[in-house]
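Work the whole structure out from these sequences, hints included.
Position 59 of the sequence shown, counting from 1, maps to 83 under this note's numbering, and the rest follow consecutively.
Hint data in this document are derived by calculation from the structure and do not stem from the laboratory.
Because the structure is a prediction, the values reported are computed rather than measured.
Possibly wrong hints are sitting among the right ones.
Computed cross-link-like contacts, DSS-like style, restricted to lysine-lysine with a CA-CA straight-line distance of at most 27 Å [said to hold, decoys possible]:
| id | residue 1 | residue 2 |
| --- | --- | --- |
| 1 | Lys92 | Lys62 |
| 2 | Lys92 | Lys63 |
| 3 | Lys62 | Lys83 |
| 4 | Lys106 | Lys83 |
| 5 | Lys83 | Lys112 |
| 6 | Lys61 | Lys83 |
| 7 | Lys92 | Lys106 |
| 8 | Lys118 | Lys106 |
| 9 | Lys118 | Lys92 |
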Amino acid sequence: MGVGWVHWSYAHCVGKSPDPFPWWPTLKAAMLVLSRKKKESIVIRGDIVVTVVEVHGDKVRLGIEAPKEVTVHRREVYDRIKESDQEKDAASEK
Numbered sequence: 025m026g027v028g029w030v031h032w033s034y035a036h037c038v039g040k041s042p043d044p045f046p047w048w049p050t051l052k053a054a055m056l057v058l059s060r061k062k063k064e065s066i067v068i069r070g071d072i073v074v075t076v077v078e079v080h081g082d083k084v085r086l087g088i089e090a091p092k093e094v095t096v097h098r099r100e101v102y103d104r105i106k107e108s109d110q111e112k113d114a115a116s117e118k
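Structure follows, in structure tokens:
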């Protein structure tokens, strides 16, 4: 299994070095990068299991086992939900 961390140096985080990658978005947290094959899994918090179900070219199908109280969305769906919530909040403030 390949593992890699995407991170910023301490000097960069406190603004003492120039931005080495101006095109890179600001990260709120480090990203753990893992390599998995079909039918292999990762475990998150001990109660969430993400399994690679299928790989076809550049498309990967994931299976996610999580407790009922954990919501799971594709990123684009999550972003639309957050945007809708923000619009509702803005409308209620008027």
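Q. Does the structure break any of the earlier hints, and which numbers would those be?
A. 5, 9
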